[in-house]
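Protein chains in written order, with my numbering: chain A, 1 to 316; chain B, 1001 to 1428.
You may find that some hints are simply not true.
As the list claims (entries may be wrong) - Some chain A residues judged to face chain B by a derived CB distance under 10 Å, without partners named:
1) Trp36
2) Ala40
3) Arg66
4) Thr92
5) Thr180
6) Ser212
7) Asp213
8) Gly251
9) Asn264
10) Gly265
11) Asn280
12) Gln281
13) Gln283
Hints in this document: simulated from the structure, not taken from any laboratory.
Glycine included, C-beta positions come from ideal geometry on N, C-alpha and C.
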Amino acid sequence: MTSTTIERRTPPATSRRPGKSVSLAARRRRTAVVAWLFAAPFVLSFGVFGLVPLLSSFGMAFTDLRVNDIRTPFAVDFVGLGNFAEVLSDTTFLRALRNTLGFVVVGVPLSLFSALVLAVMLNALGRRAATFFRVGYYTPVVTTIVAVAVVWRIMYQPNGLINSLLADIGIDGPNWLGDTRTALPALTLMAVWRSIGSSMVIFLAGLQAIPSDVKEAAMMDGASTVQRFFRITIPMMMPTILLNAILTTTGFMQFFDEPFVMTNGGPLQSTTSIALYVFNQFQWGNYSVGAAGAYVLFAIISIFAIIQFRFFRQRT
Amino acid sequence: MTRRTVRRALVAATVTTLALAPVAACGRSDDAGGGSAEAGSVAEEATGEIEIWAAAGNGDALRTLGEQFTEDNPEASIKVTEVPWGEIITMNQTAVASGTGPDIVMTGADQTASVIAMGGLAPVPEGVYDEDDFYPAAVASVTGEDAQYSVPWYVETRFLFYRADLAAELGYDAPATWDELEELSGALAARPGGEFGLSLPRPIENPAQVIVPFVSQAGGAVSDGDSWTFDTPEFVEALDFYKGFFDRGEAPLSETEATFENGGSPLLISGPWMVGTYQDLIDTGAAPEGFTEDSIGYVPLPAGSANNDSYIGGGNLGVFASSDNQDSSWLFLQWLLEDAQQKTLFDLAGSFPSRVESADYAPIDDSPVMSVLKEQMPNTVETPSYPSWSQIAEQIGIYAERVAHGEVTSEEAAKAIQDQADQIGFGW
Chain A
1 MTSTTIERRT PPATSRRPGK SVSLAARRRR TAVVAWLFAA PFVLSFGVFG LVPLLSSFGM
61 AFTDLRVNDI RTPFAVDFVG LGNFAEVLSD TTFLRALRNT LGFVVVGVPL SLFSALVLAV
121 MLNALGRRAA TFFRVGYYTP VVTTIVAVAV VWRIMYQPNG LINSLLADIG IDGPNWLGDT
181 RTALPALTLM AVWRSIGSSM VIFLAGLQAI PSDVKEAAMM DGASTVQRFF RITIPMMMPT
241 ILLNAILTTT GFMQFFDEPF VMTNGGPLQS TTSIALYVFN QFQWGNYSVG AAGAYVLFAI
301 ISIFAIIQFR FFRQRT
Chain B
1001 MTRRTVRRAL VAATVTTLAL APVAACGRSD DAGGGSAEAG SVAEEATGEI EIWAAAGNGD
1061 ALRTLGEQFT EDNPEASIKV TEVPWGEIIT MNQTAVASGT GPDIVMTGAD QTASVIAMGG
1121 LAPVPEGVYD EDDFYPAAVA SVTGEDAQYS VPWYVETRFL FYRADLAAEL GYDAPATWDE
1181 LEELSGALAA RPGGEFGLSL PRPIENPAQV IVPFVSQAGG AVSDGDSWTF DTPEFVEALD
1241 FYKGFFDRGE APLSETEATF ENGGSPLLIS GPWMVGTYQD LIDTGAAPEG FTEDSIGYVP
1301 LPAGSANNDS YIGGGNLGVF ASSDNQDSSW LFLQWLLEDA QQKTLFDLAG SFPSRVESAD
1361 YAPIDDSPVM SVLKEQMPNT VETPSYPSWS QIAEQIGIYA ERVAHGEVTS EEAAKAIQDQ
1421 ADQIGFGW
């Protein structure tokens, strides 16, 4: 009787005990085979279409492969870190790096903060109203950038919607996309508008997952709304905030759509980005340099993700 | 060693092998990449299917011509697929890498060199066409490092559009020189209600397409065949000329609502298609009041100290290196370049013949805009036909923008572009 209770309480321990009997080991092996069979379709397709291109592009970054070599991609020379040195000493790349970091440092907190505020507000609303606004804020996410760009470009024109609104309150608006000082902020604003929806939906899910009994208990103890928000909502939302922070940062680091369709990196390269730089290198047929640039971007994104993990780990 | 470490070692080994596979097998062979293939021959009679990738807008003309061709060559059939201009390079890259493509590919004059460099095109065999019969700048655009790899099918060029009515009001005729152009531009911008003078491609709109002709008009060239030559007095002169219009506020530096038809930008350099665009505005009543057919003036480009060379573009057709129907394809191209088909092409699509004698054709001479085009054609300079040109053009754009903003002088820009271009090379 006792032994069965123990077994039931900790069944994994029993089955994990190694070499207890031959039949157990055989069963374990069979389970493994079945598991691999189930995983095979994904593993195979990921291997062929994900891992192989990923690793070959990594290998490519150390060669001098160019568009002229595509018929004989293996007949190229190994150049070590030469491409990385070229990328990191290219003034265009350094400008792109500076623009991208500026975009991320301003854009990501702005996007996360606005999304969180919106999510909290929507969460407090009635169901029907919440659905209406949720659709409204999510629409930019599912709209194609090309269509959106046309509208934004018209709004940003020297005598467009934004400047005529500013003129109404007596401000002489700038030439948003034509001025080196305002072009990047203008694109940042547009990117934030485009990204708020997806962060907001994730925040909403996080908010709804907070058990109401915790809040009710706090309410009984006399905690104010503000206290409840900072002592309960925010701590319990930490995993969601971390997820959103990493997703948004990764997305923003790959800053491409806005400069590509709106400014082509101008004026005076003030909106050029790392992803645009990589894209141009590929366009010009400098595949290995493009690959090196892409892996520099990959490294920067990884560093950001690690920092965020550390930061949020300490707080949870 | 436990089983887990074995497995880990295996995974690590696999990953390393995969990552380094391209590296391990590396080492360039002495055989030069593109253009080592031997030229084929032209068939007596075409057979089999000839598949063509035509640039957008050229499919119908090719289909119609193809039907005429297959009447004489009943064993052959022509299949035409249209490819957007912007996709041509990518489509060719994919086709070259996989070794499966069509039989004939069309490229823009500024794209041909890139596709030649990929090794995608077969060299033109003897007897397909006689290059002496064609515009030299068009022939330059199909010439690779060591041979010709396409044939020039049609050409296009740019000339000067000016508001004839506004110029007449101010007492000006069409400008024929740089000085006259500057004078008219200044007068039009300064007139009551005037905004800009000559609008030039903005720095993000590939200004190289006007700067290269300006260099030629000043008597220079951006390449001497062995290396890039940007650090020259002529290039500096061209940049100064370009910059002047921005300095004087006569050329818009950013997006503007000033247009040719509303008089805000009364001067621009563009191609014959603009006449149709303006005509449509007039016909549909969308044009501003006072903008009529008489407002649209067009003349060959004003001349610099040397000539009035304009930019030449156009469409080239080449036979794909991996095609298994090359002989028949060459016969089709040979036939397309004959005088009769060059004229048919003009009738069908309005594309200007690349064969010089075919331009002596009543419908061309009778059309005011086509006769200006014909007048401009002998004075043209080719887009530098090197695979790295798009990258060089980007550098010119970057520095032209800094010059226009007054950040650097034309001399500094010329030196900087020269440095960049020397590093980049021709790209063969």
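Outcome of the hint check:
{"no.": "1", "hint": "Trp36", "result": "violated, 13 Å"}
{"no.": "2", "hint": "Ala40", "result": "violated, 16 Å"}
{"no.": "3", "hint": "Arg66", "result": "holds, 8 Å"}
{"no.": "4", "hint": "Thr92", "result": "holds, 8 Å"}
{"no.": "5", "hint": "Thr180", "result": "holds, 8 Å"}
{"no.": "6", "hint": "Ser212", "result": "violated, 45 Å"}
{"no.": "7", "hint": "Asp213", "result": "violated, 44 Å"}
{"no.": "8", "hint": "Gly251", "result": "violated, 25 Å"}
{"no.": "9", "hint": "Asn264", "result": "holds, 5 Å"}
{"no.": "10", "hint": "Gly265", "result": "holds, 7 Å"}
{"no.": "11", "hint": "Asn280", "result": "holds, 7 Å"}
{"no.": "12", "hint": "Gln281", "result": "holds, 9 Å"}
{"no.": "13", "hint": "Gln283", "result": "holds, 7 Å"}
In summary, the numbered hints that this structure violates are 1, 2, 6, 7, 8.
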